[in-house]
Amino acid sequence: MSSTPTSQVSSPHDHHHQQQQQQQQPTTEQSSPPPEQDMNSLDEACNDHSKKKKTLSHSTQPCCDCVHNKNAHEVSGCITTTNSSSSLRVFTLQETSQMSREEKKIIFENCVRNMLTLLGEDIEREGLQKTPSRVFHSFESLCSGYQIEDVKKVIGHAMFSSQNSQMVLIKDIEIYSLCEHHLLPFFGKCHVAYIPNGKVVGLSKIYQLVDVFAKRLQIQEELTDQIAKALESAVGALGVAVMIDARHMCVEMRGVNKYNSSTVTTSFRGIFQQQIETKNEFFKMLGK
Numbered sequence: 001m002s003s004t005p006t007s008q009v010s011s012p013h014d015h016h017h018q019q020q021q022q023q024q025q026p027t028t029e030q031s032s033p034p035p036e037q038d039m040n041s042l043d044e045a046c047n048d049h050s051k052k053k054k055t056l057s058h059s060t061q062p063c064c065d066c067v068h069n070k071n072a073h074e075v076s077g078c079i080t081t082t083n084s085s086s087s088l089r090v091f092t093l094q095e096t097s098q099m100s101r102e103e104k105k106i107i108f109e110n111c112v113r114n115m116l117t118l119l120g121e122d123i124e125r126e127g128l129q130k131t132p133s134r135v136f137h138s139f140e141s142l143c144s145g146y147q148i149e150d151v152k153k154v155i156g157h158a159m160f161s162s163q164n165s166q167m168v169l170i171k172d173i174e175i176y177s178l179c180e181h182h183l184l185p186f187f188g189k190c191h192v193a194y195i196p197n198g199k200v201v202g203l204s205k206i207y208q209l210v211d212v213f214a215k216r217l218q219i220q221e222e223l224t225d226q227i228a229k230a231l232e233s234a235v236g237a238l239g240v241a242v243m244i245d246a247r248h249m250c251v252e253m254r255g256v257n258k259y260n261s262s263t264v265t266t267s268f269r270g271i272f273q274q275q276i277e278t279k280n281e282f283f284k285m286l287g288k
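For the sequence shown, position 94 (counting from the first letter as 1) is numbered 94 according to the UniProt record's numbering, and the numbering increases by one without interruption.
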């Protein structure tokens, strides 16, 4: 006599008991950490960065040595950031205007270290160890024109009454500036003339005025026009003429590599623009 297998059928009571057990089981899900990192995580990032300084081109100090806070880490110019981004932080003019010179110096030097490393250089070798600092001081001097916002202060009180109404010409003012496209030098001679309107300006102030605009990132065309406009406004001249003859290293050292060529630009305002005779007199005095 064969036995028939019996199947087990759960009762409603058993099903209710299983539901209660499932509800009583503790949850094991963990909430994700907040996106913001605290100062401890910044410290860890800085310490990790200093350990890898040869690889990440930050050779002399941890990235937060300047001012130990979150902002300092963000502005340090380091290639390693807390969000693992490989791009450098870009600042606004408003942000940089609130930084101290020392903070700007640290950021600038870190950027130079990164640039040298990206070019394939060993920033630990003797010849490059002080290069970031030297580059900072060089650019600080070459771009010092940004420190003077009101060019009328350059002229100051160096205005003197005069009955002279003839052209005043200052020839062969040496200029050195940086091309805003490639940060390479252009240099040459600047000639400035003006027609007095009851007052003449101290000659040294003309040289200083030219320097204010030359010591900024520039193109020659704009530099010529800026000098003419500023002089006309500052001294109230009847007319101003400016000519610049310069060689550009972005033309000679790279690109087309055309050596010993020069670029001549002019800007005429007031009488020089209105009267061809006055303009011709300017060219004649220059021997053109």
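Derived from the structure by calculation, the hints contain no laboratory data. Since this is a predicted model, take the numbers as computed values, not measurements. Check the hints yourself; a few may be wrong.
Claimed, not checked - Restraint-style ranges between C-beta atoms, simulated for each label pair: (1) M285 x L119: 45 to 53 Å; (2) R254 x N197: 38 to 46 Å; (3) R254 x E124: 25 to 33 Å; (4) I170 x L93: 31 to 39 Å; (5) N280 x L119: 32 to 40 Å; (6) Q274 x L93: 16 to 24 Å; (7) A158 x N280: 23 to 31 Å; (8) E221 x K130: 21 to 29 Å.
Said to hold, decoys possible - Calculated lysine-lysine pairs in the DSSO-like style (CA-CA distance at most 27 Å, straight line): (9) K104 x K215; (10) K284 x K189; (11) K189 x K288; (12) K288 x K171; (13) K215 x K153; (14) K130 x K205; (15) K205 x K215; (16) K279 x K205; (17) K171 x K229; (18) K171 x K130; (19) K205 x K284; (20) K153 x K130; (21) K153 x K205; (22) K152 x K130; (23) K258 x K215; (24) K199 x K152; (25) K130 x K105; (26) K258 x K288.
The beta carbon of each residue, even a glycine, is placed where N, CA and C say it ideally should be.
Status of each hint after checking the structure:
| no. | hint | in the structure |
| --- | --- | --- |
| 1 | M285 x L119: 45 to 53 Å | 48 Å, holds |
| 2 | R254 x N197: 38 to 46 Å | 45 Å, holds |
| 3 | R254 x E124: 25 to 33 Å | 28 Å, holds |
| 4 | I170 x L93: 31 to 39 Å | 33 Å, holds |
| 5 | N280 x L119: 32 to 40 Å | 51 Å, violated |
| 6 | Q274 x L93: 16 to 24 Å | 38 Å, violated |
| 7 | A158 x N280: 23 to 31 Å | 30 Å, holds |
| 8 | E221 x K130: 21 to 29 Å | 36 Å, violated |
| 9 | K104 x K215 | 19 Å, holds |
| 10 | K284 x K189 | 17 Å, holds |
| 11 | K189 x K288 | 14 Å, holds |
| 12 | K288 x K171 | 13 Å, holds |
| 13 | K215 x K153 | 16 Å, holds |
| 14 | K130 x K205 | 36 Å, violated |
| 15 | K205 x K215 | 15 Å, holds |
| 16 | K279 x K205 | 23 Å, holds |
| 17 | K171 x K229 | 18 Å, holds |
| 18 | K171 x K130 | 39 Å, violated |
| 19 | K205 x K284 | 24 Å, holds |
| 20 | K153 x K130 | 36 Å, violated |
| 21 | K153 x K205 | 10 Å, holds |
| 22 | K152 x K130 | 38 Å, violated |
| 23 | K258 x K215 | 25 Å, holds |
| 24 | K199 x K152 | 15 Å, holds |
| 25 | K130 x K105 | 13 Å, holds |
| 26 | K258 x K288 | 24 Å, holds |
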